[in-house]
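Trainee: Sequence:
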Amino acid sequence: MRPPEFLPTLAHTCPPWFAPAMNPPTRFTSLRIGMVEDKPLLRVGVRRTLEEIPGWHLCYEADSIAAARMKPSEPLDVLLLDLGLPDGSGLDVISDYAPTGCRVIIFSVLGDETNVISAIERGASGYLLKDASPEEMRAAIHDVAQGGAPLTPAVAAHLLRRMRKPEANAATELPGSGIHSLTPRERDVLMALARGYSYDETAHLLEISKHTVGHHVKQIYGKLAVNSRSQAVFEAVQAGWLRS
1 MRPPEFLPTL AHTCPPWFAP AMNPPTRFTS LRIGMVEDKP LLRVGVRRTL EEIPGWHLCY
61 EADSIAAARM KPSEPLDVLL LDLGLPDGSG LDVISDYAPT GCRVIIFSVL GDETNVISAI
121 ERGASGYLLK DASPEEMRAA IHDVAQGGAP LTPAVAAHLL RRMRKPEANA ATELPGSGIH
181 SLTPRERDVL MALARGYSYD ETAHLLEISK HTVGHHVKQI YGKLAVNSRS QAVFEAVQAG
241 WLRS
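Each step along the sequence shown adds one to the number in UniProt numbering, with nothing skipped, and position 28 is 28.
Any given hint might turn out to be false.
Simulated restraints on C-beta separations [as the list claims (entries may be wrong)]:
#: 1; residue 1: P54; residue 2: P75; range: 38 to 46 Å
#: 2; residue 1: H211; residue 2: P75; range: 18 to 26 Å
#: 3; residue 1: T29; residue 2: T212; range: 20 to 28 Å
#: 4; residue 1: D131; residue 2: K218; range: 31 to 39 Å
#: 5; residue 1: E51; residue 2: D131; range: 19 to 27 Å
#: 6; residue 1: G196; residue 2: P72; range: 23 to 31 Å
#: 7; residue 1: G196; residue 2: K218; range: 16 to 24 Å
#: 8; residue 1: H180; residue 2: K39; range: 43 to 51 Å
Each computed DMTMM-like pair below joins lysine to aspartate or glutamate, with the alpha-carbon atoms no more than 20 Å apart [what the hints assert, rightly or not]:
#: 9; residue 1: K39; residue 2: D131
#: 10; residue 1: K71; residue 2: D87
#: 11; residue 1: K218; residue 2: D188
Don't read these hints as lab results, they were simulated from the structure.
Even for Gly, the Cβ is constructed at its ideal location relative to N, Cα and C.
Sequences are here, hints too, so could you generate the full structure?
Mentor: What follows is the structure in structure tokens.
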């Protein structure tokens, strides 16, 4: 379907991902994607960007926290979530979706440290600023669907600055709990996750099956009391086991 004629005239006011991709990805995964964003024009832009990828479906949209809590009838694979919503912060919606297995990507202009840390602590799997390029946006969705934890460079810098206090946190970590309870193999897997490897890449690197990687990740999440890769890496840095 041809896009509305008015959209090109607004290109200079829209984020870069509003434009068609010059080189769309060549590897596709079928994904059910949702979006919580109160600005209609931005939702149109995101829809145009995602519809270029075969198998990707923006099948759920909401414009407020109240609407977002009326979940779709079928579970989502990925949710793009704005933080600045009319009736409150999108942070309050993360816990409604993350426990269901939906991978939540914060999609916001707010890049301050407090929001980054709060989003990760509540279960967000990635954080993407709205000025990201079309390629960065598509790559973030693909990566998070594969178990990754995408962060734009600006957000990563905020996160690393906030986490550069390992010694103080390590002093409060009790032996036999948290990071200290991980087995050597679980630490190998966590290191791979921290480096951004997918489950397939981790399996190849450690010469184990993808299923075994998934088992180790489940054990890591349980021991660290987290439910996402970002949270696990955060806990490892805070405990002084990983350094930025």
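Trainee: Does each hint hold? Answer for all of them.
Mentor: Evaluation of the provided hints:
Taking the beta carbon of each, P54 and P75 are about 21 Å apart, not inside 38 to 46 Å as hinted. Our hint of 18 to 26 Å for H211 and P75 holds, since their Cβ atoms are close to 22 Å apart. Against the hinted window of 20 to 28 Å, the Cβ-Cβ separation of T29 and T212 comes to about 22 Å, which satisfies the hint. Between D131 and K218 the CB atoms are about 35 Å apart, so this pair conforms to the stated range of 31 to 39 Å.
Remark: the range hint 19 to 27 Å for E51 to D131 is upheld by a beta-carbon distance near 21 Å. Look at G196 against P72: about 29 Å separates their beta carbons, and that is inside 23 to 31 Å. Taking 16 to 24 Å as the suggested C-beta distance range, the pair G196 and K218 conforms, at roughly 19 Å. Between H180 and K39 the C-beta distance comes to about 46 Å, which sits within the given range of 43 to 51 Å.
Taking the CA atoms of K39 and D131, the gap is near 15 Å; set against the 20 Å cutoff, the hint holds. Of the pairs offered as hints, the one joining K71 and D87 holds, with about 17 Å between alpha carbons and a cut-off of 20 Å not exceeded. At roughly 14 Å between alpha-carbon atoms, K218 and D188 fall within 20 Å of each other, so this suggested pair holds.
Violation of the numbered hints given earlier is confined to hint 1; every other hint is satisfied by the structure.
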